[in-house]
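Sequential numbering from 1 applies to the sequence shown in full-length UniProt numbering.
To be clear, the hints were calculated from the coordinates, so they are not data collected in a lab.
One or more hints might be untrue.
[Claimed, not checked] Derived Cβ-Cβ restraints for the label pairs, each shown as a range:
| # | residue 1 | residue 2 | range |
| --- | --- | --- | --- |
| 1 | Leu28 | Ser64 | 41 to 49 angstroms |
| 2 | Asn184 | Lys67 | 22 to 30 angstroms |
| 3 | Val71 | Cys103 | 18 to 26 angstroms |
[Claimed, not checked] With a cut-off of at most 25 angstroms between alpha-carbon atoms, the simulated SDA-like pairs for lysine to any residue come out as follows:
| # | residue 1 | residue 2 |
| --- | --- | --- |
| 4 | Lys168 | Ser189 |
| 5 | Lys59 | Met14 |
| 6 | Lys168 | Asp54 |
| 7 | Lys168 | Ile83 |
| 8 | Lys67 | Val42 |
| 9 | Lys87 | Arg207 |
| 10 | Lys67 | Met120 |
| 11 | Lys59 | Gly172 |
| 12 | Lys59 | Arg207 |
By construction, the Cβ of each residue, glycine as well, lies at the ideal position given by its N, Cα and C atoms.
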Amino acid sequence: MARFAAWAYTAAVMPFLDFFSRYGKHALLILALISCYRISDVVMGVMANAFYVDMGFSKTEVASVSKVYGVIMTLLGAGLGGILVSKYNTMRILALGAILAACTNLAFMLFSYIGNSLPMLTLVISLDNLSAGIATAAFITFMSSLTNVAFSATQYALFSSIMLLFPKFIAGFSGLYVDMFGYNIFFLSTALIGLPVLALIYILNQRHGAINGNPNGDPNGNPNSNPKTATKP
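Go ahead and model the full structure; you've got the sequences and the hints to work with.
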């Protein structure tokens with residue numbers, strides 16, 4: 001029993017204590033960013049198919065564009081995001097991803113004014129998937145950099161579990177919001193709710209010790225400079 005308790009403590013409790021001990025007062029800000037980062041995409045995304053149908057597109061048209069242009073642009077965005085993250089500060093690319101997500105939602109708002117147009121459908125789906133690829137690459141890099149190699153699986157599972165909870169909760173009201181205000185206001189609102197994400201990124205980026213898995217504050221954002229990330233207690 002004692003061995004089981006010790007194992008449970010090491011496997012389930014220590015990863016959380018390690019995270020909060022390394023990031024201190026910044027830990028809650030980091031978790032807030034993780035829980036909100038995808039909010040613009042998720043809240044808008046749940047209404048995308050309904051929007052296409054209401055715009056008069058057939059399921060075949062939507063599927064054809066999504067499977068061809070959507071997949072290609074997602075892969076292109078992920079590759080581009082990986083390149084950008086390798087060359088620039090991760091937080092800057094996170095900010096870029098958040099800005100692109102908001103801009104693509106504004107493109108959907110423009111689309112709602114234009115009406116049924118297959119070229120416009122292709123454009124917005126392509127832009128949406130490109131921005132999602134860039135944002136996802138940066139987001140995965142960011143979350144991975146926060147983990148301690150001794151507890152990486154548990155800590156990454158924690159981040160992955162909370163990153164969609166709040167966005168999906170808010171997304172549950174998307175249909176009601178569209179019924180009340182229409183698609184134009186809905187898409188504008190989904191762009192605006194991304195502003196707090198940019199604020200969180202800005203705050204954390206000003207505090208080098210809270211980002212890139214680097215609570216000791218390496219100005220280059222090098223996670224390897226933090227000895228705690230490679231040491232098991």
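Hints and how they fare:
Distance hint check for Leu28 and Ser64: the Cβ-Cβ separation is about 44 angstroms, which falls inside the suggested range of 41 to 49 angstroms. The hinted range of 22 to 30 angstroms is satisfied by Asn184 and Lys67, whose Cβ atoms lie roughly 28 angstroms apart. The given range of 18 to 26 angstroms is respected by Val71 and Cys103, whose C-beta atoms sit roughly 21 angstroms from each other. Restraint check for Lys168 and Ser189: satisfied, since their Cα atoms lie roughly 16 angstroms apart, inside the 25 angstroms limit.
Restraint check: the Cα-Cα separation between Lys59 and Met14 comes to about 49 angstroms, which exceeds 25 angstroms; the hinted pair is violated. For the given pair, Lys168 sits about 22 angstroms from Asp54 by alpha-carbon distance, which is consistent with the 25 angstroms threshold. A distance of roughly 29 angstroms separates the Cα atoms of Lys168 and Ile83; the hinted pair therefore is violated under the 25 angstroms criterion. Between Lys67 and Val42 the alpha-carbon distance is near 19 angstroms, which keeps this suggested pair within the 25 angstroms criterion.
Between Lys87 and Arg207 the CA atoms are separated by roughly 20 angstroms; this keeps the pair inside 25 angstroms, and the hint holds. A distance of roughly 16 angstroms separates the Cα atoms of Lys67 and Met120; the hinted pair therefore holds under the 25 angstroms criterion. Between Lys59 and Gly172, the direct Cα distance comes to roughly 23 angstroms. Compliance with the 25 angstroms bound is thereby established for this hinted pair. With a CA separation close to 47 angstroms, the supplied pair Lys59 and Arg207 exceeds the 25 angstroms bound.
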